[in-house]
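Protein chains in written order, with the numbering used here: chain A, 7 to 273; chain B, 7 to 275.
In case anyone wonders, no lab produced these hints; they're calculated from the structure.
C-beta: ideal position from N, C-alpha, C; glycine also.
Treat each hint with caution, since some may be false.
[Said to hold, decoys possible] Distance ranges between label pairs, derived from CB positions:
| no. | chain 1 | residue 1 | chain 2 | residue 2 | range |
| --- | --- | --- | --- | --- | --- |
| 1 | B | 171 | A | 136 | 50 to 58 Å |
| 2 | B | 230 | A | 36 | 33 to 41 Å |
| 3 | B | 8 | A | 40 | 20 to 28 Å |
| 4 | A | 141 | B | 121 | 55 to 63 Å |
| 5 | A | 92 | B | 86 | 45 to 53 Å |
| 6 | A | 87 | B | 87 | 24 to 32 Å |
| 7 | A | 136 | B | 261 | 34 to 42 Å |
| 8 | B | 169 | A | 162 | 29 to 37 Å |
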Amino acid sequence: MDIPSLDTPRCEIGDTMSTHISVENLNVHYGKAQALHSINMEIPDRAITAIIGPSGCGKSTLLRTFNRLVDTVEGTSVSGSVLVDGEDIYARNADVTRIRRKMGLLSQRPFPLPMSIYDNVAYGPRIHGTPNRKDLDAIVEKYLKMSSLWEEVKDRLHEPATRLSIGQQQRLCLARGLAVEPEIILADEPTSALDPVASQRIEQRFKALKDSYTIILVTHILRQARRLADYVIFLYMGELIEHGKAEDVFSSPKEPLTRDYIMGTIS
Amino acid sequence: MIGATLLIALTLLSIVGTIVIKGLPAMSLDMVLKTPRGGFYLGKEGGILNAILGSLFLTGGSTLLALGLSLPVALYLNLYARKGSPTAHLVRLALDLLWGVPSIVYGAFGFTLMIAMGMKASLLAGIITVTLLIIPIMARAMDEVISMVPTELVEASLSLGATRLETALRVVVRQAFPGLLSAVLIAAGRGVGDAASVLFTAGFSDAVPSSLLDPVATLPLAIFFQLGTPFPEVQQRAYASAMILTILILLLSGSARWISRRWIRHVVK
Numbered sequence: 007m008d009i010p011s012l013d014t015p016r017c018e019i020g021d022t023m024s025t026h027i028s029v030e031n032l033n034v035h036y037g038k039a040q041a042l043h044s045i046n047m048e049i050p051d052r053a054i055t056a057i058i059g060p061s062g063c064g065k066s067t068l069l070r071t072f073n074r075l076v077d078t079v080e081g082t083s084v085s086g087s088v089l090v091d092g093e094d095i096y097a098r099n100a101d102v103t104r105i106r107r108k109m110g111l112l113s114q115r116p117f118p119l120p121m122s123i124y125d126n127v128a129y130g131p132r133i134h135g136t137p138n139r140k141d142l143d144a145i146v147e148k149y150l151k152m153s154s155l156w157e158e159v160k161d162r163l164h165e166p167a168t169r170l171s172i173g174q175q176q177r178l179c180l181a182r183g184l185a186v187e188p189e190i191i192l193a194d195e196p197t198s199a200l201d202p203v204a205s206q207r208i209e210q211r212f213k214a215l216k217d218s219y220t221i222i223l224v225t226h227i228l229r230q231a232r233r234l235a236d237y238v239i240f241l242y243m244g245e246l247i248e249h250g251k252a253e254d255v256f257s258s259p260k261e262p263l264t265r266d267y268i269m270g271t272i273s
Numbered sequence: 007m008i009g010a011t012l013l014i015a016l017t018l019l020s021i022v023g024t025i026v027i028k029g030l031p032a033m034s035l036d037m038v039l040k041t042p043r044g045g046f047y048l049g050k051e052g053g054i055l056n057a058i059l060g061s062l063f064l065t066g067g068s069t070l071l072a073l074g075l076s077l078p079v080a081l082y083l084n085l086y087a088r089k090g091s092p093t094a095h096l097v098r099l100a101l102d103l104l105w106g107v108p109s110i111v112y113g114a115f116g117f118t119l120m121i122a123m124g125m126k127a128s129l130l131a132g133i134i135t136v137t138l139l140i141i142p143i144m145a146r147a148m149d150e151v152i153s154m155v156p157t158e159l160v161e162a163s164l165s166l167g168a169t170r171l172e173t174a175l176r177v178v179v180r181q182a183f184p185g186l187l188s189a190v191l192i193a194a195g196r197g198v199g200d201a202a203s204v205l206f207t208a209g210f211s212d213a214v215p216s217s218l219l220d221p222v223a224t225l226p227l228a229i230f231f232q233l234g235t236p237f238p239e240v241q242q243r244a245y246a247s248a249m250i251l252t253i254l255i256l257l258l259s260g261s262a263r264w265i266s267r268r269w270i271r272h273v274v275k
């Protein structure tokens, strides 16, 4: 168990959860259009946080502010701050590469790197300085097992990753992300391109991983959020409408907009 | 559409046909294995080994040099320069303009450069000139290929904590590899077939060059000189030379296709 150090204070969300990421007065503009309006919230440590809301409400944008992929897009401006472990990732001297290493990303469609299954998982560790073949073998096996892909691919590790089915590719992307030993998993509608069985396997992985990782899941599938989330963030037209523990938000939403969205009157 | 395809096929067929019919009688093993001997210009003996090797050296050298300059430019334009940046726009415009400049202008420029540097017509001067000629072609073709790499793939690599350089070299180049290879080949093909740029700069020689500073013969110039003689036998050898040049290009593009087919299984679609 690691003890939170004094210089990274973690405030409490509710009574049991501690904060991993806190967002303070975050605004994002794409050119002149404002995508996010002064967002203030906290994301709990080692739990699944679901970001829900109708399409175009800024869910993905919010997710992409956490690993600073948002500022790779032209004409984007970000103001406010995002504190990860108490450190502002938008600070002038922030080390973007190190920040990104803390977070694995799963996108809507899996994008395996143009190399073998083995090399996909070994990509991160190699970059971050694990050249030793034996260590890499162990890492690849460990994370393929963690993403429950090992049994299916152990005999063809050196085949191109593109030969895998799309569901397997998504689990490979999970393994690839886990292999850099992140603290946080960012998932942007990770099951939207998958069939029900493959989706279910991803969901099972998330449940198994949430004890050790902070998982932030963007989803437009309410049932998925209900199944998985411990904490829920509801966005509407780029504004944060409501956030709180999943059972509270789903059973007794405070805001009428949230209620309408959960009831399915708006979508 | 069918008409246009047929027209192109027919044109190609008639060019290849002419070369083969007129060149085949003059083809012999000596042609590819020997340098010209006594009175070659009169069409007596020897071959064009000097021009074959000269073309290979020249194209090989300039393709490598151009690759070393074009790939960084293309990677810069796509991964480093901000989209819509004036610099990137200017570089692309310059490359497009340079693409359209006739090769004789490159020849003249190379010649001036060569004089200014106090060099004689040589393999090195030829390589430099041809490099300048093919950079716009290679860089712009690579630029197009790299711009097709999915953004998500770049983001996947970045989100694993890779730097832009690591992403460029380990992911983008791999993903774009088949396309990059054909960019190199298009450029090499242009280089190997160009006569005007090497006319003043590479000189011509009956011997195989032994150093970078020796003048060197090239196939297009060999064809040009052979065709220019008043002797039918020598003119016939020009067609044989053209045949060799065509086969060379065919081999080049065939092997590239083979390599890129073997590679394509890794590419993410």
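Query - Index of numbered hints that the structure contradicts, given in increasing order - result: 1, 2, 3 and 5
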